[in-house]
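**Q** Dock chain B against chain A, hints included.
Chains as they are written, first to last, in this note's numbering: chain A, 1 to 398; chain B, 1001 to 1398.
Just so you know, the hints here were simulated from the structure itself, not pulled from any lab data.
Mixed in with the good hints there might be a few duds.
Pairs of lysine to aspartate or glutamate residues, derived as DMTMM-like cross-links and limited to a Cα-Cα distance of at most 20 Å, are as follows [claimed, not checked]:
hint, chain 1, residue 1, chain 2, residue 2
1, B, K1290, B, E1317
2, B, K1287, A, D216
3, A, K282, B, E1371
4, A, K377, B, E1205
5, A, K286, B, E1371
6, A, K290, B, E1378
7, A, K287, B, E1371
8, B, K1325, B, D1211
9, B, K1286, A, E371
10, B, K1377, A, D216
Pair ranges (Cβ atoms, derived) [to be verified]:
hint, chain 1, residue 1, chain 2, residue 2, range
11, B, G1212, A, Q208, 51 to 61 Å
12, A, R176, B, L1064, 55 to 65 Å
13, A, G144, B, V1255, 35 to 45 Å
14, A, V369, B, D1116, 52 to 62 Å
15, B, G1288, A, L70, 27 to 37 Å
16, B, S1254, A, R213, 35 to 45 Å
17, A, V369, B, K1230, 24 to 34 Å
18, B, N1352, A, K142, 40 to 50 Å
19, B, N1385, A, D211, 20 to 30 Å
Beta carbons are placed, not taken as given, at the ideal position from N, Cα and C, and that holds for glycine.
Read off the chains here:
Protein chains: 2
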Amino acid sequence: MLTSMYRHHSKISTTWSNFIRSASQSAQKPKTAIIMLNMGGPQTTDQVPDYLLRIMTDRDMIQLPVQSKLGPWIASRRSEEVKKKYMEIGGGSPIYKWTDLQGKLLTQSLDKMLPDTAPHKHYIAFRYVPPFTDETLTAVEKDGVERAIIFSQYPQYSCATTGSSLNAIADFYKNRSLPNIKFTLIERWATNQLLAKVFAERIQEKLQLFDGRIRDQVLIMFTAHSLPLKAVSRGDTYPHEVAASVSATMNQLSVPNPYRLVWQSKVGPLPWLQPYTDDAIKAYAKKGVKHMILVPIAFVNEHIETLHELDIEYCDEVAKEAGIKQIERAAAPNDHPTFIAAMADVVARHINNGETVSRQFLSRCPHCVSERCKSSKEFYKKLCNYTDYEPELAASTV
Amino acid sequence: MLTSMYRHHSKISTTWSNFIRSASQSAQKPKTAIIMLNMGGPQTTDQVPDYLLRIMTDRDMIQLPVQSKLGPWIASRRSEEVKKKYMEIGGGSPIYKWTDLQGKLLTQSLDKMLPDTAPHKHYIAFRYVPPFTDETLTAVEKDGVERAIIFSQYPQYSCATTGSSLNAIADFYKNRSLPNIKFTLIERWATNQLLAKVFAERIQEKLQLFDGRIRDQVLIMFTAHSLPLKAVSRGDTYPHEVAASVSATMNQLSVPNPYRLVWQSKVGPLPWLQPYTDDAIKAYAKKGVKHMILVPIAFVNEHIETLHELDIEYCDEVAKEAGIKQIERAAAPNDHPTFIAAMADVVARHINNGETVSRQFLSRCPHCVSERCKSSKEFYKKLCNYTDYEPELAASTV
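This is chain A alone, in the form it adopts within the complex (with noise of 0.2 Å):
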């Protein structure tokens, strides 16, 4: 299992300051920026420190007592043990590869589909890696564009994630004026019906390993990032979309299978969303179950939940412990041609509709109390050229 692991990364030596440069070299001036969001992994072991406190102080991303004394110590205290992990997996995480992989693909899919709008261009804004939202949007305005699409690679929209990059680009532009260029949004893409058919396709790739006489009866266990109950209670959409996800992906698969949705990843003393991937895996074993799927249903890129926590902790270990005989662990979608059409159906779809940004987005939490959210659907109205039809008739989008 860990030697296979190996093939899914390669080191990649790009520097931030060539991707912007290559960026501003391209031959063609780009008319419509593709911004893909995502948080990013180290790509290099040295990139563990700022990494961690990047995630530790970012109050979207997770809420600490004294959160600024606490984070970077929690960020320090655990420097050590992360980096051992991604030196396990390769020496870094390949989600800035695959993330710049599927944008070229993305944009030569666009290119061809939609004349009007090409040529599109893709640039990557990370959250906790370079490259960073700030340097990103510099590169975008800097390359003279007519439009930008900002476009989340969290196919589920959580305020932790896809909410906390945003916030970040409302940051950006906090003290500054915003440029000449349409802006709009692709904040959840969660059931799109390619999505849906590439994790069909990954699964289908890993049945296709289980004996013939028992295929139809592996137990298709789908995980995905748990969140805090108190992010639940507050109504955040993330696990109501992951849900989404997995019926769209067995509507598309059509086997007979069991089928599970299960939670991963779980940190801190907090009560989170349960079941825990890790003990449901051992408690299906204890009932006999000796075959199953894992698949990561929340993420497109390999990154080290599914090479080191899905693959090296619970497939390797905990499931070998527990007595299961055979489990395999579907692919992310990566590069599947299935994949790079799906990103392209969202884009394409969002370009057709005319829609700049989704009322669905401008709609808070029922019990969310931040400013910080207030403040930056206030500023995605502005920066996306939203009008309420009736401002003082409606204020539903509040």
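**A** Positioned in the frame of chain A, the structure of chain B alone reads:
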């Protein structure tokens, strides 16, 4: 609002002996029984005490300490209050009326669609009021049908609802030999496209009541019965299936409105899945939302939770006090032609795909420790003639 509710309900004089007699007198001998499972509701206030007693002592539905004592005590203490609520919605629950009408229309459709399995005849098996499982199964056997399709009327599966009804069937056959009937099971149908379509049509009916200038901004608030967090953590799939229904409905509806899924009808002091519907109405009102539609997404008939909790308590009282300008409540599917088509589609697909009992049903929740659940799954394997292909190779379905 109150007067309009009386339209939903008319007093039903059918007695169960009449019901069973009319079943036996049917002109043509039925070939296929459609057994419609649901909780049922008291048709007259006289039935309230027994109805409550049965709910409060059903450990599949609700778990209380010293349930055999505490259950009856709570039932008796709540009888007067619950009777009063039924009086306020016209004297009783319309669940039987709707289920019986749906069954008649469904079997008429099936007779046309599926001549091979015709004549089809519907039977109703309620959990907490007559007609109970025992008398219904006795009637099915007496009619001498060739096959019987057990069809849960809860589109989304929960161990507390469909699970409880299915356990009642298992109880009936505990000390009795299985009849010579081909039994098969439809235990979930949350994302049937016609079901999503009828929900979408029910929402559209209400959207039309809003001023066209703000129609696109009306908040669509899907609401379903909540679940104790203990059941969520055990792995009950109900919240995911409800979320999948919401997503399928929004895809069918194809409007730009914001939408949310919230949870109603929590009872007792333990933590349940949140946000709660009434709290969400108040919280959105505070945020300035003035227009909304409540959509009961997990029940196919009007019942006390729509007619009293949503219409009287939330729409007439909570929303009014909170300052909501206009709130509408989408009707349940009831006898909408699209809903009858949805039911027929579910049954026809089930018959045509040849599956007798799904592996999804046979798979238990990861943290289930109920011996009753375990033996019930074993019972359905026998009842539906299910064979693991290679039981010695795989035990993936327990």
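**Q** Determine for every hint whether it applies to the structure shown.
**A** Evaluated hints:
1. K1290/B / E1317/B: Status holds; Cα separation ~15 Å.
2. K1287/B / D216/A: 49 Å, violated
3. K282/A / E1371/B: Given that 20 Å is the threshold and the Cα spacing comes to 19 Å, the pair holds.
4. K377/A / E1205/B: Violated - the C-alpha atoms of E1205/B and K377/A are around 30 Å apart, more than 20 Å.
5. K286/A / E1371/B: Given that 20 Å is the threshold and the Cα spacing comes to 14 Å, the pair holds.
6. K290/A / E1378/B: 18 Å, holds
7. K287/A / E1371/B: Holds, at about 12 Å.
8. K1325/B / D1211/B: 12 Å, holds
9. K1286/B / E371/A: 14 Å, holds
10. K1377/B / D216/A: 18 Å, holds
11. G1212/B / Q208/A: 51 to 61 Å: With Cβ atoms ~53 Å apart, the hint holds.
12. R176/A / L1064/B: 55 to 65 Å: Given about 60 Å between the Cβ atoms, the range holds.
13. G144/A / V1255/B: 35 to 45 Å: Since G144/A and V1255/B have Cβ atoms about 36 Å apart, the given range 35 to 45 Å holds.
14. V369/A / D1116/B: 52 to 62 Å: 60 Å Cβ-Cβ, so the 52 to 62 Å window holds.
15. G1288/B / L70/A: 27 to 37 Å: 35 Å, holds
16. S1254/B / R213/A: 35 to 45 Å: At roughly 43 Å between Cβ atoms, R213/A and S1254/B fall inside 35 to 45 Å, so the hint holds.
17. V369/A / K1230/B: 24 to 34 Å: Cβ of V369/A to Cβ of K1230/B: about 28 Å, so the range 24 to 34 Å holds.
18. N1352/B / K142/A: 40 to 50 Å: Since the Cβ atoms of N1352/B and K142/A sit about 59 Å apart, the hinted range of 40 to 50 Å is violated.
19. N1385/B / D211/A: 20 to 30 Å: 23 Å, holds
Hint check: violations occur at hints 2, 4 and 18; the rest are consistent with the structure.
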